[in-house]
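Peer 1: Sequences are here, hints too, so could you generate the full structure?
So the protein lines, in turn, are chains A and B. If you're matching positions, the first sequence starts at 1 in this note's numbering and goes up one per residue. If you're matching positions, the second sequence starts at 1 in this note's numbering and goes up one per residue.
Hints were generated in silico from the structure; no laboratory data involved. Backbone N, C-alpha and C fix where the C-beta goes; we use that ideal spot for every residue, glycine too. Mixed in with the good hints there might be a few duds.
Negatives, chain B to chain A, calculated, CB over 10 Å [claimed, not checked]:
| no. | residue |
| --- | --- |
| 1 | E39 |
| 2 | D47 |
| 3 | A49 |
| 4 | A56 |
| 5 | Y61 |
| 6 | R73 |
| 7 | G79 |
| 8 | D178 |
| 9 | E272 |
| 10 | H289 |
Restraint-style ranges between C-beta atoms, simulated for each label pair [said to hold, decoys possible]:
| no. | chain 1 | residue 1 | chain 2 | residue 2 | range |
| --- | --- | --- | --- | --- | --- |
| 11 | A | A202 | B | D193 | 27 to 37 Å |
| 12 | B | P168 | A | K74 | 19 to 29 Å |
| 13 | A | D242 | B | L271 | 36 to 46 Å |
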Amino acid sequence: MNRLDATFDQLKRDRRKALVPYVTAGDPAGDDTVALLHALVEAGADVLELGVPFSDPMADGPTVALACERALAKGLRLIDVLQIVGRFRERDTQTPIVLMGYLNPIESMGYSRFAKAAAAAGVDGVLIVDLTPEEAPDVTPDLREAGLAPIFLAAPNTQEPRMRAIAQEAAGYLYYVSLKGVTGSNRLDTDEVAKRVRQLKAHISLPILVGFGIRDADTAAIVADTADGVVIGSALIQALVDRGERPAVDVARNFLAPIRAAMDAGAQTSGNAA
Amino acid sequence: MPTNPIPEPSRPPAPGHFGPYGGSFVSETLIEPLNALIESYDKLKVDPAFRAELDADLANYVGRPTPLYFAARLTREYGGARIFLKREDLNHTGAHKVNNTVGQAMLANRMGKTRIIAETGAGQHGVATATVAARLGLKCVVYMGEEDIARQSPNVFRMRLLGAEVVPVTSGSRTLKDAMNEALRDWVANVDDTFYIIGTVAGPHPYPTMVRDFQSVIGREARAQILEQTGALPDAVVACVGGGSNAIGIFHPFIDDPVRLIGVEAAGHGLETGRHSAPLTAGRSGVLHGNRTYLMQDDNGQILPTHSISAGLDYPGVGPEHAWLKDTGRAEYVSATDAEAMQGFHTLTRVEGIIPALESSHAIAHAGKLARELGPEASIIVNLSGRGDKDINTVAEREGIEL
Chain A
1 MNRLDATFDQ
11 LKRDRRKALV
21 PYVTAGDPAG
31 DDTVALLHAL
41 VEAGADVLEL
51 GVPFSDPMAD
61 GPTVALACER
71 ALAKGLRLID
81 VLQIVGRFRE
91 RDTQTPIVLM
101 GYLNPIESMG
111 YSRFAKAAAA
121 AGVDGVLIVD
131 LTPEEAPDVT
141 PDLREAGLAP
151 IFLAAPNTQE
161 PRMRAIAQEA
171 AGYLYYVSLK
181 GVTGSNRLDT
191 DEVAKRVRQL
201 KAHISLPILV
211 GFGIRDADTA
221 AIVADTADGV
231 VIGSALIQAL
241 VDRGERPAVD
251 VARNFLAPIR
261 AAMDAGAQTS
271 GNAA
Chain B
1 MPTNPIPEPS
11 RPPAPGHFGP
21 YGGSFVSETL
31 IEPLNALIES
41 YDKLKVDPAF
51 RAELDADLAN
61 YVGRPTPLYF
71 AARLTREYGG
81 ARIFLKREDL
91 NHTGAHKVNN
101 TVGQAMLANR
111 MGKTRIIAET
121 GAGQHGVATA
131 TVAARLGLKC
141 VVYMGEEDIA
151 RQSPNVFRMR
161 LLGAEVVPVT
171 SGSRTLKDAM
181 NEALRDWVAN
191 VDDTFYIIGT
201 VAGPHPYPTM
211 VRDFQSVIGR
221 EARAQILEQT
231 GALPDAVVAC
241 VGGGSNAIGI
251 FHPFIDDPVR
261 LIGVEAAGHG
271 LETGRHSAPL
281 TAGRSGVLHG
291 NRTYLMQDDN
301 GQILPTHSIS
311 AGLDYPGVGP
321 EHAWLKDTGR
331 AEYVSATDAE
341 AMQGFHTLTR
351 VEGIIPALES
361 SHAIAHAGKL
371 ARELGPEASI
381 IVNLSGRGDK
391 DINTVAEREG
401 IEL
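Peer 2: And the structure:
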């Protein structure tokens, strides 16, 4: 069984929800991205989303867009991102890693070549933000053949028939975009999210993670009550940007730990109630 | 440089695909508004009432049909084929851009959208959008790179006079491509009340097709006018290509005719310098801004900065239909440098009393070469896509003249 499915199975058995931090590869810690990823796992991350920098990140808000710019300014390439994953795997063979980015750098490398290199490095899933299920049949066969899970988005305005189309292409988990907006937006309606997550569960058997706009422990706990987990990116990156002289690994641990605690407390409560 | 990894189409081409190009590469949140747009546009484009309203606006508000003008002195100057100019510079707001914004704004109105957004480089599309928004009483927000705002201050002021909010874009290279990223981000966050008027034949489906349809009025008129004036089709049609809307607009009605279609990209300081905006001539296939097309990109798939003396051609991509017309050989794509465009600019101004936009000056420059190659028996239509008043500061600065 691949690492993603194994992790979600274990979480289900433990009645815990997935905590998934997102960081852009190469930022803010440069070569220390590997250490940062290990710190996130130590602080309770179940799955890691690693951003592949792109020059034109049109679905991202300013926090992630600037992280991309800084990483690219350091000369970070897709093959460097794969090397980061490879070095992370030297010490951690359990935690799934999902690459998140845009299609062009992957298409530029070639789908098949990318899929093989990513799988060899220890990548488990790939979320391509600007790849819709309609365009996916050119891309996903190479990913699947290499054992990579193609991960797709669903949005608040995704119509029901499309949910089935998405379910057909998707593996690993479904990423529910919690609001109409870019990453890092700040106006989440948690009741609406809960309603939509329940709708999605009627169409899709994959675990459903919620991201875009989750900034703190309270929101994470509320959302995790219905969803199978949460993704936190911009708020974490902002904390790292604002860290001053403190080591990035400490800031990341301190950021994630209370969220983990709140989610586990929430799971405990609903567990008792059930 | 890696070889072109153009995927073979593995299924019947969907609407909005031009061979392997085009398509819809956007985040999921934009799918629903794009589908709503496709549905409305498919319905309205065959609706006689919509057509009639559009035709009336093109006639009475834009000033169509624009003349097809035989440039006798330019023909003599270049010493070859007869050169005819399609005078899109005579449209309201001074360029072909308004043909499209009138149509899209009318569509926005019918769809009940109350807020218009647009991206702009030189400001011509921004002005054309702000103009139609003012006329229809729609709120208008135009995204413009900080660099371009500094270069094109008169157009910024024009847009503000027209009631538009001009938002400076400070991300990335702070030019047109970043303005388009920002407009897409705005649209994702405001899909319920907002209509995004894209200014060129790029972006996700249906934009490349829809903008082509609105711009094809140029070629339909030009084809009828040349037949009426000369009794024959031209040997060639020449247009500048940035995103490619004026070119596709004049090419399309000639596509089944034995007429050479020639697009002229901006070679900037020269193709060999890398400082240019010529993706069809010197780029390779990739995905940006919702479609697959030729792009200026590095070996790692990152989009490269571009350069052209004309801000309207300063874009790293090109409409996907042009990519397909290039691959199939139906259209030819060449390039003209900043210096060649400047020569074209001065020549047309001096011998015909028409000041062309620097964008259109690229087409004029190539028409000179082509006219000599084809000889006096032949005829050429050049799309004079815009007027050059907006460029006089750029020209003066380049030539060391203080205004």
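Peer 1: Work down the list of hints and note, for each, if the structure agrees.
Peer 2: Verification of the supplied hints:
no.	hint	in the structure
1	E39	holds (12 Å)
2	D47	holds (24 Å)
3	A49	holds (29 Å)
4	A56	holds (35 Å)
5	Y61	holds (33 Å)
6	R73	holds (45 Å)
7	G79	holds (45 Å)
8	D178	violated (8 Å)
9	E272	holds (23 Å)
10	H289	violated (7 Å)
11	A202(A) x D193(B): 27 to 37 Å	holds (29 Å)
12	P168(B) x K74(A): 19 to 29 Å	holds (26 Å)
13	D242(A) x L271(B): 36 to 46 Å	holds (44 Å)
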